[in-house]
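**Q** Sequence:
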Amino acid sequence: AAAGDLFVAVVGHQADGRRYIPQAIAQGVAAIIAEAKDEATDGEIREMHGVPVIYLSQLNERLSALAGRFYHEPSDNLRLVGVTGTNGKTTTTQLLAQWSQLLGETSAVMGTVGNGLLGKVIPTENTTGSAVDVQHELAGLVDQGATFCAMEVSSHGLVQHRVAALKFAASVFTNLSRDHLDYHGDMEHYEAAKWLLYSEHHCGQAIINADDEVGRRWLAKLPDAVAVSMEDHINPNCHGRWLKATEVNYHDSGATIRFSSSWGDGEIESHLMGAFNVSNLLLALATLLALGYPLADLLKTAARLQPVCGRMEVFTAPGKPTVVVDYAHTPDALEKALQAA
Numbered sequence: 001a002a003a004g005d006l007f008v009a010v011v012g013h014q015a016d017g018r019r020y021i022p023q024a025i026a027q028g029v030a031a032i033i034a035e036a037k038d039e040a041t042d043g044e045i046r047e048m049h050g051v052p053v054i055y056l057s058q059l060n061e062r063l064s065a066l067a068g069r070f071y072h073e074p075s076d077n078l079r080l081v082g083v084t085g086t087n088g089k090t091t092t093t094q095l096l097a098q099w100s101q102l103l104g105e106t107s108a109v110m111g112t113v114g115n116g117l118l119g120k121v122i123p124t125e126n127t128t129g130s131a132v133d134v135q136h137e138l139a140g141l142v143d144q145g146a147t148f149c150a151m152e153v154s155s156h157g158l159v160q161h162r163v164a165a166l167k168f169a170a171s172v173f174t175n176l177s178r179d180h181l182d183y184h185g186d187m188e189h190y191e192a193a194k195w196l197l198y199s200e201h202h203c204g205q206a207i208i209n210a211d212d213e214v215g216r217r218w219l220a221k222l223p224d225a226v227a228v229s230m231e232d233h234i235n236p237n238c239h240g241r242w243l244k245a246t247e248v249n250y251h252d253s254g255a256t257i258r259f260s261s262s263w264g265d266g267e268i269e270s271h272l273m274g275a276f277n278v279s280n281l282l283l284a285l286a287t288l289l290a291l292g293y294p295l296a297d298l299l300k301t302a303a304r305l306q307p308v309c310g311r312m313e314v315f316t317a318p319g320k321p322t323v324v325v326d327y328a329h330t331p332d333a334l335e336k337a338l339q340a341a
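Here the sequence shown stands for residues 1 to 341, where the numbers follow full-length UniProt numbering.
Misleading hints may appear alongside valid ones.
Claimed, not checked - Label-pair restraints from in silico Cβ distances:
id	residue 1	residue 2	range
1	K221	A296	28 to 36 Å
2	A30	N235	53 to 61 Å
3	D232	F315	32 to 40 Å
4	P294	R18	48 to 56 Å
5	K167	E44	25 to 33 Å
Don't read these hints as lab results, they were simulated from the structure.
Keep in mind the model is a prediction, meaning the values are calculated, not measured.
Just so it is clear, CB atoms sit at the ideal spot from N, CA and C, and this is done for glycine as well.
Given these sequences and hints, build the entire structure.
**A** Spelled out as structure tokens, the structure:
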């Protein structure tokens, strides 16, 4: 802490931040917000050595809102799209950022690869940073002129309230398969963690992969969601808005995708390898359509979308074998990568 700072004393898994209050006061902080002992002391204000100490219960859950206020609510000042799911988050966020930028936005990404404007991404340690880090990063992107941001939202980030006060314009669900069970315990708790994005957050327009069993369950609970499918899991009479692949032809340099949707039909030439990347592309397309970007403009720019580094990235040379590099690190992702290759 430094002179004039607000010191926030939260109770963490390893340490109790309240133990550092005397140190913060000695360093000249202007005020302190600390975890209340119980509900009865919620909202209590005391003074320690002339420094106001405000006690709030469930401070971890309120951190995102506090940081949002401090950083002037950055998610109000750009179009924020959250992407959650086991696999496909990185590719889908990259496609959303690339495509929106081709349509005139100044786009950014936040997630596994790093945070920053497209082409200026700085590597990070976690998919979703702390509640304060997330608001700080977003504010920095707004200051750099970002008008659109695609953010990977991890299950850890949802359970730990790291994105609690963000206002998403849209929230995309890619799929759910075995991952992070060391943290969540079982698939039921893992699914419940992902569902928090739609049940407890300002999720905006929901975009759901109807080819995933969990996605189909969620669509039944989200009547206004956009359903996306490449396996004909959509009944246009049952869903509100929808988008589905009607024909996909795979070739050495990607795939030709024909689709129909609530917004009209079209054909896209994709440079991305594998069926799951067709799914990621369709989710990105449906999201941008739902946010009001014109279908004609999206179709015109689709061929300029680039594969993501280390995500089914293909290297070829005359007379040499084809090499594919992929980050697959779950059983489901590895199986799909091998099928695609």
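**Q** What are the numbers of the hints the structure violates, in ascending order?
**A** Those not satisfied: there are none.
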